[in-house]
Structure formats: C-alpha cells, structure tokens
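Protein chains: 2
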Amino acid sequence: MTEVVKITSDISTYVHDFGVVARDAARILATAPTRQKNEALQAMAKGTADGKAQILAANRSDMVAGESSGLSDALLDRLELTPARIAAMAEGLCQVAALPDPVGEVSGLTQRPSGIEVGRMRVPLGVIGIIYESRPNVTADAGGLCLKSGNAAILRGGSEAIHSNLAIAGILQQGLSHAGLPEGCIQVFDNTDRSVVGELLKLSEYVDVIVPRGGRSLIERVSRESMIPVIKHLDGNCHVYIDGAADIDKAIAIAFNAKCRRYGVCGAMETLLLAEGIAETVLERLGSMYSEAGVEIRACERTRELLPQAIPAREADWSTEFLAPILAVRTVKGVDEAIAHIERYGSSHTDAVVTEDLETSRRFLREVDSSSVMVNASTQFADGFEYGLGAEIGISTDKLHVRGPVGLEGLTTRKFIVFGTGSVRP
Amino acid sequence: MTEVVKITSDISTYVHDFGVVARDAARILATAPTRQKNEALQAMAKGTADGKAQILAANRSDMVAGESSGLSDALLDRLELTPARIAAMAEGLCQVAALPDPVGEVSGLTQRPSGIEVGRMRVPLGVIGIIYESRPNVTADAGGLCLKSGNAAILRGGSEAIHSNLAIAGILQQGLSHAGLPEGCIQVFDNTDRSVVGELLKLSEYVDVIVPRGGRSLIERVSRESMIPVIKHLDGNCHVYIDGAADIDKAIAIAFNAKCRRYGVCGAMETLLLAEGIAETVLERLGSMYSEAGVEIRACERTRELLPQAIPAREADWSTEFLAPILAVRTVKGVDEAIAHIERYGSSHTDAVVTEDLETSRRFLREVDSSSVMVNASTQFADGFEYGLGAEIGISTDKLHVRGPVGLEGLTTRKFIVFGTGSVRP
Numbered sequence: 001m002t003e004v005v006k007i008t009s010d011i012s013t014y015v016h017d018f019g020v021v022a023r024d025a026a027r028i029l030a031t032a033p034t035r036q037k038n039e040a041l042q043a044m045a046k047g048t049a050d051g052k053a054q055i056l057a058a059n060r061s062d063m064v065a066g067e068s069s070g071l072s073d074a075l076l077d078r079l080e081l082t083p084a085r086i087a088a089m090a091e092g093l094c095q096v097a098a099l100p101d102p103v104g105e106v107s108g109l110t111q112r113p114s115g116i117e118v119g120r121m122r123v124p125l126g127v128i129g130i131i132y133e134s135r136p137n138v139t140a141d142a143g144g145l146c147l148k149s150g151n152a153a154i155l156r157g158g159s160e161a162i163h164s165n166l167a168i169a170g171i172l173q174q175g176l177s178h179a180g181l182p183e184g185c186i187q188v189f190d191n192t193d194r195s196v197v198g199e200l201l202k203l204s205e206y207v208d209v210i211v212p213r214g215g216r217s218l219i220e221r222v223s224r225e226s227m228i229p230v231i232k233h234l235d236g237n238c239h240v241y242i243d244g245a246a247d248i249d250k251a252i253a254i255a256f257n258a259k260c261r262r263y264g265v266c267g268a269m270e271t272l273l274l275a276e277g278i279a280e281t282v283l284e285r286l287g288s289m290y291s292e293a294g295v296e297i298r299a300c301e302r303t304r305e306l307l308p309q310a311i312p313a314r315e316a317d318w319s320t321e322f323l324a325p326i327l328a329v330r331t332v333k334g335v336d337e338a339i340a341h342i343e344r345y346g347s348s349h350t351d352a353v354v355t356e357d358l359e360t361s362r363r364f365l366r367e368v369d370s371s372s373v374m375v376n377a378s379t380q381f382a383d384g385f386e387y388g389l390g391a392e393i394g395i396s397t398d399k400l401h402v403r404g405p406v407g408l409e410g411l412t413t414r415k416f417i418v419f420g421t422g423s424v425r426p
Numbered sequence: 001m002t003e004v005v006k007i008t009s010d011i012s013t014y015v016h017d018f019g020v021v022a023r024d025a026a027r028i029l030a031t032a033p034t035r036q037k038n039e040a041l042q043a044m045a046k047g048t049a050d051g052k053a054q055i056l057a058a059n060r061s062d063m064v065a066g067e068s069s070g071l072s073d074a075l076l077d078r079l080e081l082t083p084a085r086i087a088a089m090a091e092g093l094c095q096v097a098a099l100p101d102p103v104g105e106v107s108g109l110t111q112r113p114s115g116i117e118v119g120r121m122r123v124p125l126g127v128i129g130i131i132y133e134s135r136p137n138v139t140a141d142a143g144g145l146c147l148k149s150g151n152a153a154i155l156r157g158g159s160e161a162i163h164s165n166l167a168i169a170g171i172l173q174q175g176l177s178h179a180g181l182p183e184g185c186i187q188v189f190d191n192t193d194r195s196v197v198g199e200l201l202k203l204s205e206y207v208d209v210i211v212p213r214g215g216r217s218l219i220e221r222v223s224r225e226s227m228i229p230v231i232k233h234l235d236g237n238c239h240v241y242i243d244g245a246a247d248i249d250k251a252i253a254i255a256f257n258a259k260c261r262r263y264g265v266c267g268a269m270e271t272l273l274l275a276e277g278i279a280e281t282v283l284e285r286l287g288s289m290y291s292e293a294g295v296e297i298r299a300c301e302r303t304r305e306l307l308p309q310a311i312p313a314r315e316a317d318w319s320t321e322f323l324a325p326i327l328a329v330r331t332v333k334g335v336d337e338a339i340a341h342i343e344r345y346g347s348s349h350t351d352a353v354v355t356e357d358l359e360t361s362r363r364f365l366r367e368v369d370s371s372s373v374m375v376n377a378s379t380q381f382a383d384g385f386e387y388g389l390g391a392e393i394g395i396s397t398d399k400l401h402v403r404g405p406v407g408l409e410g411l412t413t414r415k416f417i418v419f420g421t422g423s424v425r426p
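For the protein sequence lines, the chains are A and B, in the order given.
Last residue of the first sequence: 426 in this note's numbering, with the numbers rising by one and none dropped.
Last residue of the second sequence: 426 in this note's numbering, with the numbers rising by one and none dropped.
Same shape as in the complex, but just chain A:
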C-alpha cells in the first residue's frame, strides 16, 4: 500500500515537472518570430532525414519487442518505420515550415462610437498535450504543428513505440536548440507507466488543451478523466444521400468513391441513402460495382427488392462505423427522410447530398448538423490537406472551439485588442 502511494506521488511529480518546463517554453515560443520557428522546423526536418539510421535502429527495438509481445500485424504495421515513412516525416516538417504563421494575425479592427478601436489578435493556446497510439510519425507531425502555432507540446505516445518516439523527440529537440528555442517546446514522456496519462489529464494549471488521437476507448477514457478541455475525434458514421434530382453519373461516381477509395478512413461512407425515385437506376449500375469491389451490402427491405443479393440490415448497422468493405443501404422517400435518418443515426462527422436541385442542396447544407456537409462531392474529401488547412492534427467531432479538420488555426485562439487615445469610459 505504501509503495503504491509512493509510486503515484513520484509519477505525479514527474508529470508535473513536464508541465512546468512546457509552460516556461510556451512563454518564449508564444512571441518567437516566424523566421525562428521555421528555422527550427527546417532543422528538425534535416535532422530527421540525417538521423534515419538512428530512428530505424530505435524502431527496430520497438518492433522486436512488439513481435515478442504478440502485437497484431495491423499494429506492427502502424508501429513500423521505413526509410519512406521517415522521409515523409521530414517532408511533413518542411511543409509545416512553409505554411503561413497564424500567430499575431489581427482581424476586425474597427472604431467604436466611444472612440476606441477594437479588434482581435490570434495567439497560441499555450501548452498542448497529445495522447496517441502506435504510429511514431505522430511525434514529428504533432510536434511540428504545435511549434508552428506557437504552442509547447507534451507528447505521450504508445508504450510499444517508446524507443522510436524518444529517438524522434531527441532529433526534434536538437532542431529547437539549433534555432535558439528551448528544448522544452516539444517533450516526450520517457516513462511508459499507464498512470502518466491520468496525471497529465489533471495538469490543468499547465496544460491548456488535450488532443487524443487513437481508438474509441482511448478517446472515451481521456474525455471522461480529463480536467483539461479536450479536442476529440469520435466516430465517422458518414452518409451519402442520392436525391431524386441527382445526376446519376455523378451519384454513382461519388457513392463508389466515398465507400471504396479507402475503407479505413473516418470520412468513408458507411450508409448510402437512396431516394425511391432513383434507387433502381442507381443500383442497376452501382450494385455490380460494389459487388466487383467485394463490398458487402446490408440493406433495408425496399432496397432488397431491387438488390436481392443484399443481406438484410439490422438496426445496429445504421449506427455502425464499419471501416471495412461493408455498406448499409436504405431507400428513403426523399430529402426529409434522409435528413431525419442522418440526425438519428449519424455521428455528425461528414455527410453528403447528391442533387441538381438548388433548394434541396440548401436545405441539406443548413439542416444537417455535421462538422462537414457536402454537395455533389465524396465524403472522403474530409481532410485538412484537401480543405487547404495545410496539415491537420486531427478531426474534431466536438462543437466548441473547432469542428472538423483541425489545422494550425484550431491550435490558436483570439484575444481582444483595444487602442485608445487616453480613452476613458464615461
């Protein structure tokens, strides 16, 4: 009993020290010139490329440990770093260096009747805690985005990637030093104890926001336990609704791409909704395309009359994020029933309508309450790069602060600035 208490207290001090270091670094980083941050990012990119052998060796240790502890092939694949993946990490850091710096941007400066001028200035959040699972490239990606947006980062990767993450962190910190910035701007925990996460989530005095990246259980644990605001990404149960006024060629191209381009991404369509007037025409062609691609169809009864080979959908299928070659299909009367279905079963991630009718498109855009709502485009476009954010640290399914793909801007906030001329309030 005594020992447990002692360990907890040690971990608590250990995590607390990371918070103090990060807060001090954040103060300096918040006003660091763009040029200096870019210099650090370039040095980090060069260090990553030059340190390839060192990173690969560290990753080898993780892979060996992972194999002997029986990690699944999928997890081992996510854990593995290759020369190509390391080159992509370095390239990513260069891309972040090339992005515009959001910090210091002043907007909306207007004069008020009192004579004062009021506007807003974009500023960093401060300290960002990132909790992520196996992929070690997140260490460089997240570290680079936090740095560019003027935030200190405290990174907690999966214990199975500890050697890889520490090797990458060491290189990132050298890049910071090279540019004259504190190494505390990017820290990775070198203690893999599970209680580190719990302690981090209590550190509201030092950490301004927590970004969990990983599976549902990780995100739910973080949301439940955190004393710090969380930017979280839950399920992407995405829909495409093909309206009666759809262009059939566009509809088929979008419905196929939304499902089949990649099955495992959060923007993949999981349920296809078909207006009854066009269901037969669409399924005639789309049914065989899905069948050739090996997509299993789980359909409502009305759809099954047109596509008898489909499996009957169960109630749970409408709420499921399959992330696999499985698609739920439902025939609906029209846009009202489609919107009601999405409201009931959707996860407010990304939903699309295919229609040539202006009023239907306007209604769908306004009434579907999802982080991305699309007209005549594939749901697989839901991505920070595709949206022009330059990069993304995640996709938020929250409503406050930021919805959808989160880029540099989502890692900042705005303060009011006021200019007077000796102005006093009457």
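Don't read these hints as lab results, they were simulated from the structure.
This structure is a prediction, so every number in the text was calculated from the model and none was measured.
The reader is advised that the hints may include incorrect statements.
[Claimed, not checked] Quick partial rundown of chain B residues pointing at chain A, CB under 8 Å, derived from the structure:
(1) I28
(2) A30
(3) T31
(4) T110
(5) R112
(6) V123
(7) G126
(8) R261
(9) S372
(10) M374
(11) F381
(12) G388
(13) L400
(14) H401
(15) I417
Ideal placement from N, C-alpha and C gives every residue a C-beta, glycine not left out.
Starting from the structure of chain A, add chain B where the hints point.
Here is chain B on its own, set in the frame of chain A:
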C-alpha cells in the same frame, strides 16, 4: 437511504426531460428564419412590458421570502425588480432583435486544387445551459441571446428568485408561441432542489455548453462537476501599466477611470504599475485624486517613498480582485518588469499599457496573454456592448472557443461546407 435514491432518481428523470424537450426545440430553432426569431423577441419584449404587474407580484413573493430568510441587503437589491428594471429587460430583448443574425453566415469559400469549393457556415451550438444567481433579469437577457443565436436554453436561476424567474419564463414562452416557435426553446426549472444543478451538469447527451454566471464558488463547482464543456468567467485582476514614455495627462485620466468609474466590475483595475521614471510625476496628482475618492492605496516600498500615506502591500494584495475602493500600486523598472508582474499575478482578464512608444505598445499587446489587452484605454471598456458585440452573455476567461466578452457569435460554431461537381477524391 431508499428515499434518497428515489428522490435522486426522480430529479434525474425531471432534468432529463428538460434535455429531451430542449433538444427537440433546438432542431427546429436551428433553421428558423431570422424574421421568426425576431418576431418572437419582439413579442417577448411586449409581453414583458405588458406583464409588468404580474412580474412585480411574483418578485414581491421572492422579496418577502428573501427578507424573512435573512438575505443580505446586497442580495435583496440584486433580487429586486422595479418598473425601471422590467423596462430595461424589455428594451434588452428589442435590442437583441435588432442585432444581425449570426446563423447561416458563410465565410472563406475558396476553390481548392481538386476542384471542390470549401468554406465554413456559422451554426448554433444546440442547447445551452445557463446557471445563474439572484438577478432575475438574466432569465430574459440570456433567453433572448440564446434564441437569437438559434440555441435552445435551459435556465437554472437562484432558488430565491424562483417566482420571478418562472413569471418571466412564462412570458418568454408566450412570445415563442406567438411566433410559432416551440416553448421548449426557453425552459426554466420549476424545481429548486440543489441536485438539479448536478443532474444538469451530467446531461452531455442533450446539452452542448454550460454558461455559469455568478460568484467564484458557483463557477468553481460547475467547472469541477460538469461533464459538459463550460464557458466560464473567473477573476478579473486587471492591471494598468504606466510606461516611462506615457503621456501623463492620458495616464492619470486612464488610471483614475480604470479604478474609480465603478469599483465592482470585473474590468476594474486592481493593481497600478508605474515605471520608475514617471512614478513621482504621476503620483503627485493621482495620489490626491485617489485620496479624495476614498481609495485606499496598498503600495510597494519604492512607491511608499513617494506616497508615504500608502499602506504597505502584502504579497496577497497583488493577486486580489478587490472589487472595492482599494488599489495595489507597484513601481517597476519598465515594461519587462510590468509584463512579468502581470504574468505572475494577473488573471488574464484585461490589462492595459499607457505609452506613446510604438515598440512598447506592440510588445505589451503581443506578450500579455489576457483576454483583452489595451493601449491607452481604460480597462473598464472590457464589455460586450463597448466592443460592438451588441450584447454579452458573459466574459470568458477560458482560452478555447471564445475569450473575453461573449456575444451572439460566441454562442455559435462553424461547420465546413463543401461544394463539388460530382467530385471524387483520387
């Protein structure tokens, strides 16, 4: 024991039902036309003015109960409604009707290399829970702001104001009905049991954000217990720094106004920082002005050499939000020491510099991490009306989502909208 469980379960169901009603109302309200919302607000204003006698009678019950239960004079004053206060409530609702509707605003729509167009549309948050103390006018003010921004409101006022709040809520709901909107858009709990608050804070399935308005203990309880994101307003320990390059007349006007215009507001200055070069000149005039106004000065040793009548400041004074005719004064070497002092002791609410030096003003603006940073203006300007927000539901001292005065825009969020032409992602 059985009975406690039973009561808890009843309250839980009771609060849950408010959530269901609010969520249903919010769906309708989210896409209600501006005209309809304004019609409701106008009807609510007229109902408030016409229902003056009814509101006063209800308030009389609260006042009688408050007096017999020994409420302090200050609390009774906050609780009391007068014809003038009721007229101000009605006028406030008309003003909100006149504000531009933030919902549906599309911004930043640009074409991406893939051919899709991406922009953002401003949408309501959904359901907002407001927990407030005695002032019954908050019922109308907050209800009106939530309505205009397309959000359903669940209001929990102080138990001592229950009759006043229910009378006002009844009138607001008549206004909603008059405009054809669901009465569930604005609900007030008619159960004053303390556990209602605890149950509301668990209702994350139905409530999108909680806004507590009241004293520190209320806000801390809400922050600690809430499973729902909170927009909170903690202390305003505001500073004015008079730089060595200040215009002395401006400096004196601002320092006097920032302290003495009103003592009890969160934007009131609590600590005055003086550059050593101008401290003597400033204090010569300002010392007697404060003395005539009855402001007690608590000063550092260097300041006391110039102002011997000042009381020696204790360490705790630098961190205190006095909200009273008390002022802490410290002489500092220059802007660096001023910024360091604000960083150490401030509450990141509102801080101002008085200077004619451009670079000093720029450094202060960038480096002071507060929700409002001012140059040559009184900290008492920190207010939604003064900033042109039209109205405010509170002042956020949080960093995420919204900082500083929160107007209609702060009660909304933005979703991504994407237009394609049958676009698929390669």
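Taking the hints in turn, this is what the structure says about them:
1. I28: 10 Å, violated
2. A30: At about 7 Å, which falls below the 8 Å cut-off, the nearest Cβ of chain A leaves the hint on A30(B) intact, so it holds.
3. T31: At about 5 Å, which falls below the 8 Å cut-off, the nearest Cβ of chain A leaves the hint on T31(B) intact, so it holds.
4. T110: 7 Å, holds
5. R112: OK, holds: R112(B) within 8 Å of chain A, min 6 Å.
6. V123: 7 Å, holds
7. G126: Holds, about 7 Å.
8. R261: 6 Å, holds
9. S372: 4 Å, holds
10. M374: 4 Å, holds
11. F381: 5 Å, holds
12. G388: Nearest chain A Cβ about 6 Å off; hint holds.
13. L400: Hint on L400(B): holds, closest Cβ of chain A at ~4 Å, below 8 Å.
14. H401: Hint on H401(B): holds, closest Cβ of chain A at ~4 Å, below 8 Å.
15. I417: With Cβ-Cβ at 6 Å, under 8 Å, it holds.
Violated hints amount to a single one, hint 1; each of the other numbered hints is respected by the structure.
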